[in-house]
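Visitor: Below are the chains, spelled out letter by letter.
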Amino acid sequence: MPDSQATTQVSTLEHEAHNPALVHQFADAQQQKDAASLGMWLFLVTEIMFFGGMFCAYLIYRLMYFNAFAAGSQQLNIGLGAFNTAVLIVSSVTVVLAVKAAEAGKRKLLVAYLVVTVLLGLTFLVVKGFEYREKFEKHHVPGSTFQFTDTFDDNGKKIPVDPKEAELFFSLYFAMTGMHALHMIIGCGLFTGLAILAWRGHYTPGYFTPIENGGLYWHLVDIIWIYLFPLLYLISRHS
Amino acid sequence: MASTAIPANQTPQLNYLNNGHTIKSWLLTTDHKRIALLYLVSVSIFFFLGGVFAMLIRLELLTPEGDLLSADNYNKAFTQHGMIMVFFFLIPVVPAVLGNFLVPLMVGAKDLAFPRINLLSWYLYIAGGALFLHCMLNGGVDTGWTFYSPFATEYTNTRIVEAGLAVFLAGFSSIFTGLNFIVTIHRMRAPGLTWDRLPLFIWANYATALIMILGTPVIAITIVLVAVERLFHLGIFDPKLGGDPLLFQHLFWFYSHPAVYIMILPSMGVISELITCFSRKRVFGYKFVALSSIAIAVIGFLVWAHHMFVAGISLYAAMIFSFLTFFVGVPSAVKIFNWTATLYKGSISYATPMLYAFGFIGLFTIGGLTGLMLATLGIDVHVTDTYFVVAHFHYVMVGGVLMGYLGGMHFWWPKITGRMYPEAWAKLSALFVFVGFNLTFFPQFILGYVGMPRRYWQYPPEFQVLNVLSTAGASVLAVGYLLPMIYLLWSLRYGPIAGDNPWNAAGLEWKTTSPPPTLNFEQTPVVTWEAYNYDEIPDKELEAPVAR
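Sequence order for the protein chains is Y and D. For what it's worth, my numbering labels the leading residue of the first sequence as 1, then goes sequentially. For what it's worth, my numbering labels the leading residue of the second sequence as 1001, then goes sequentially.
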């Protein structure tokens, strides 16, 4: 029975005696930790399938309307996008450091890293907000006010673009980055809660599964952005 | 009948049913057995509602003229029927009721891995159901349960966004159930319970859970995109705005075809338990039956575009999907053949659950074989959107799923409640269900083949005879479904006390008391035997307190 850690009744009583975090349905702390970790990984799988639907739509329309997608992409603010990518990569590092601090039982350090992670997440969201504002100002928000003028490639040649097709690019841009931002907001809330519990001394070197699992979530949301950034911002910028 | 009342010297022991009687102890319970009962009550209500809409459809089709319902109301009736039955009954019914109750018992665990998430899943289901009822009472939806774009995203004036959100919520309830099952089966099996000792019901629910967590998120995002398109007029699926309506169909069926396997696989797991118990034999080819569930789940993900043969996909894509659809028939046939081989030289008894198991094998075989007909490109073009398709999927989804569910309900009723159901009434209702079902849906094969299209409220007069037969069958079927609702409730109070193992069945769930205690087992069981070791269980069935 390589993957089921269930043991007999005797060991249950032994563990219950000195582990208040152990809930009743598990035989021991190891089984509880393994179950929580597997549950989180499965949840991440559902998240990937969730975003997968949008990635699928994106790829199909990018094949159908490549010129419009390239032209739309060139209207995105690559500077802010790159800055945000860097912010998220740094936040992933602070998450790793937070898990390490939890493992070592350094409570104040753990809280500090969690707080820094939340601040980085908020930075990302604020920058994203400025990007969205730019889209409103340039009338790149899909809907009745949408406007898109022809663009020119690097050699000054005009790229003919159907505004309907460009609107589709921005529809997907808002759907994908919006859904990602929603996950960032949830992540910031989650990490604020973890920081509060960590401050109260909820986590010990023997029990910090929520920090690990929260970290897994944060990494996944980062990775989704790592894919969104080149797909949305870097189309046809190779020359 | 061996015993009809509790012996006077024996006080009822503490079990999950009498451990707390307040409303709060039910609505805030984290006990998987109580959550299973919450689900039982709620899916039964939705089944009843969906059934009312089915009867409306059948009554309208009694005559060729559209005289009972207007065209618009007929559209709403079949949409409501489809959405309720698919999303609020068939998908949750076996996993959330029988699976919730049995998975921890069968693996020898105290509960599912995440009991609070399990409760959350029920509340999400209720939230989705309540929202859907709200839609229904305020105009309903008229797009069919498939809400194809651009009709659903642009043209209909009915409540697509709310109905979509309702399905979204029910979908997350299903994801959480699946997640709980996979973690529980991986991490919480009792000592000695290796993968090749697991009951086949567990294998079937494991395969189901895989589809739930891999497929459901895709329908969730599709619904979000439909809602966003409808609310903000983005052109994701609408061809007028540059979108691709075929993309909607691909995304929709990427979930909704595997969803058929979410419905049927757990019922197949039930049938494996019933066939072995009532023929007193080990299942023939355990590993093949177990792995065929996984094979169905995996191949089932690769066949979705057979719903789109006439929608404008390329011929080469259609050929590949046609081939893969034939291919998914292989593991399904493995199950049917292995069940019949299990019967060979078994000592078969004909209690009600076994009658349902036989019904399942017959009806699923017809449903499956007509599925192969539909996988053939030429025939599919001929019968697309006719009653042939309607009859086919009802043979699988009603003939298959409901036979398995009712068989399982009767089989485990003594474990769930501690009481036996009345055997004579149960056999009678099983007969009603089988006869009524065939009378309802077999004429529809013929109707479809000679050209009656689905989803119309009127039809040419020459189709009337078969439609009258079908409506008559639906009435018989309705009696067959209402009877268990009545006598099972009756048995709660007046049924004979069942004892811990009235069927003398193998499986860990029968080794604890009936009803089980809150933590399932007095002591964590240690498993040293293979599944279905009926050759090692003395056949003392005659002395068991079975109502005759």
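These are computed hints drawn from the structure, not numbers from a lab. No residue lacks a Cβ here, since even glycine has one placed at the ideal position from N, Cα and C. The reader is advised that the hints may include incorrect statements.
To be verified - Covered by chain Y, per the in silico footprint, the following chain D stretches (three or more residues, Cβ under 8 Å):
#: 1; segment: 1089-1102
#: 2; segment: 1228-1234
#: 3; segment: 1238-1249
Visitor: Please go over all the hints and tell whether each is borne out by the structure.
Guide: Structure-based check of all given hints:
For the segment 1089-1102 of chain D, the assignment as covered by chain Y is violated, since 0 residues bring a beta-carbon within under 8 Å of that chain's beta-carbons and 3 are needed. Only residues whose beta carbon comes within less than 8 Å of a beta carbon in chain Y count, and the segment 1228-1234 of chain D has 4; three or more means the coverage holds. Only residues whose C-beta sits within less than 8 Å of a C-beta in chain Y count toward coverage, and the segment 1238-1249 of chain D has 5 of them, enough to reach three; the restraint holds.
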